[in-house]
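Chemist: Next come the chains, spelled out residue by residue.
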Amino acid sequence: MNTQGIIHVSHLSKVYKTEGMETTALSDISFDIQKGEFVAIMGPSGSGKSTLMHILGALDTPTTGQYILDGENVENLTDDELADIRNKKIGFIFQAFNLLPRITVLQNVMLPMRYAGIPEEERKKTAQKYLEMVGLGHRLSHTSSQISGGQQQRVAIARGLAMNPALLLADEPTGNIASAQAEEIMAIFQELNNKQGHTIVMITHEPDIAAHSKRIITVKDGKIISDKKNPKPIPAKRTNAID
Amino acid sequence: METLLESLKTLTLNKLRTGLAMLGIVIGIGSVIALVSLGQASQQAIQNQIQSLGANLLTVNPGSQTSGTIRGAAGGATTLTNADATAIQTSPSITTISAVSPEVQKRVQVTAGRNNSNIQIIGVTAAYEGVHKITLTEGRFINDVDNNSLSKVIVIGQQVEANLFPTQDPLGQNIRINGISFRVIGITASKGGTGFLNQDNIGYIPLTTAQQQILGQTYLNTISLEAKSQDVMTQAENEVGYLLLARHKLTSPAQADFTILSQQDIANTASATTGTFTSLLSGIAAISLLVGGIGIMNIMLVTVTERTREIGLRKALGAKKQVITMQFLTESILLTFSGGLIGIVIGIIASYIFSSLSGSIFVISFPSILLAFVVSAGIGVLFGWYPASRAASLQPIEALRYE
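The listed protein sequences correspond, in order, to chains B and R. Each step along the first sequence adds one to the number in this note's numbering, with nothing skipped, and position 111 is 111. Counting from 1 along the second sequence, just add 243 to a position and that's the residue number in this note's numbering.
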């Protein structure tokens, strides 16, 4: 096993049991993701890519198979241990942004650091740094309802980066926002990946979004049907036009 | 601290709901505080009144007359005599009694000029003044000379003065009782009390005059005794009891044709009555507190359901079970605690208004306020626990999917 690996998945399967019916969402999935990769996981709806994302995000556990995240075996862990792994190793970016509506942008970004027990001053400084990086340094005290969808997703990216995780896990990050803003999000991803060496796994069903990544894994009916390098990722430009 | 501020923010977001949720606690705590404070006020009022009648006081009353197998009414016996009173005063076996006041009493209609009133007439000796702690505002009290010479003199209470002599000084004026004129020689200071207990609607006349000219009886209605101190009350009770048994030729206390009551006995009985009443009402108030707590639980369960997505997100970002539990517990404790606080204020105001309307004393019981604080916070924990632990055990993916 490669020690540089961020993700090691072998013979992973997930079976749901509802009312006596067994539904196989994933069967015999195996792949490795190294540090510094930018991977898109593609597939139509119902292909099992969401289930895969939940398992990769330590939100769910596989029925069989092995999942090692950044050297940590995510098996037989208690809820609290899983919470700790999510907190320290994974930065989530959701399709629906999932910012807390009642607190400010800054407080949203500070939230994961609070669960890690980091002192308030440091949290504030770090959150501010990442918000400036995604171009929202001037929106710190707004609430999520006061900013656009694209801006909300950038806040979510800053929140994902807050704990400096081993893996950025994005679930349809552009699904709920306009295409010009989607371009901006992709530009940020590429910058994080190229300049800062962040490992990014992005779930999407849109081929033109997937085309920004360096490697594309396609899933269908719970199986991997292709796993290819993308030699020429389409570069996205940061515009900052829609602020 | 941050959790506290966050909870505060959440609760102020939906003010109507927060207010309604708190209402049960407010009413519960408020009524407990008000009722306890009213109960204590009335208990203290009784104590004060009884203390003002003399703390070392023992009262000997005739029991029921038993002739053959027929038992008469309590207090109806005619066995308590002037000789008994004299014996208590002079007997060498009595060591703990400092004063003896033989008394007779009757309610009579009295007139003065064109005014009339129904008052309590008490036939007394000079000892009455000391035993019952009578103070005079004007004139003098009944003395031994009055008794020896069957004087027709009267000392009246404030209420009698107000009723019979609204416009003039009563001293030296005459009051007619059963057609006999009594000259007013003194006026007592107010002792308070209402209705039957009114200590101011009384006229005091010499015992001999009362027995021979008004009542036509040789027996006594009451012998009041003053013990030397509060510590010898029981001993005094026994000494007097055995002396009277011997004088009445009775062999055992079970046959006694008299009863001896200490002032403390009366106070205790009265306190016990109001105490029962207070705890009964407080019990009802406590039930409303329980109902309030269930209301809190209900609201917290609704809140948890409404915020399923938020809980899922927090867990996805790394919040452990304990963090989520604490967040919701903080909210419910904050709810009940501030409800309790408002309840305490309302309870105090209510009992203040009630006491000033009814003219009774106003008492705040600090232990009950402290208890109210603890109880309201406790209700928050008790009824917040289940919703909070339900929130904490939500699975993050289920919660994130929830619409």
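I should point out that these hints are in silico values taken from the structure, not numbers from a laboratory. Please note: incorrect hints may appear among the correct ones.
Here are the simulated DSS-like pairs of lysine-lysine, each with C-alpha atoms no more than 30 Å apart in a straight line [to be verified]:
#  : chain 1 : residue 1 : chain 2 : residue 2
1  : B       : K125      : B       : K88
2  : B       : K195      : B       : K228
3  : B       : K237      : B       : K125
4  : B       : K88       : R       : K471
5  : R       : K492      : B       : K88
6  : B       : K17       : R       : K434
7  : B       : K129      : B       : K17
8  : R       : K471      : B       : K17
9  : R       : K471      : B       : K129
10 : B       : K129      : R       : K492
11 : B       : K88       : R       : K564
12 : B       : K125      : R       : K434
13 : B       : K35       : B       : K214
14 : R       : K492      : B       : K35
15 : R       : K434      : B       : K124
16 : R       : K492      : B       : K124
17 : R       : K492      : R       : K471
18 : B       : K220      : B       : K124
19 : R       : K349      : R       : K434
20 : R       : K471      : B       : K125
21 : B       : K214      : B       : K228
22 : R       : K471      : R       : K434
23 : B       : K88       : B       : K35
24 : B       : K124      : R       : K471
25 : R       : K252      : R       : K471
26 : B       : K237      : B       : K223
27 : R       : K252      : B       : K125
28 : B       : K223      : B       : K129
29 : B       : K237      : B       : K195
30 : B       : K17       : B       : K237
31 : R       : K492      : R       : K252
Computed list of chain B residues with no C-beta within reach of chain R, every gap over 12 Å [stated by the list, open to error]:
#  : residue
32 : A116
33 : E122
34 : G175
35 : P207
36 : D221
37 : P233
Pulled from the structure, derived: some chain R residues nowhere near chain B, Cβ distances all over 12 Å [claimed, not checked]:
#  : residue
38 : L414
39 : K558
40 : I604
Beta carbons are placed, not taken as given, at the ideal position from N, Cα and C, and that holds for glycine.
Chemist: Compare the structure with the hints numbered earlier in the document and write down the numbers of the violated ones, lowest to highest.
Modeler: 4, 5, 6, 7, 8, 9, 10, 12, 14, 15, 16, 18, 20, 24, 25, 26, 28, 30, 31, 32 and 39
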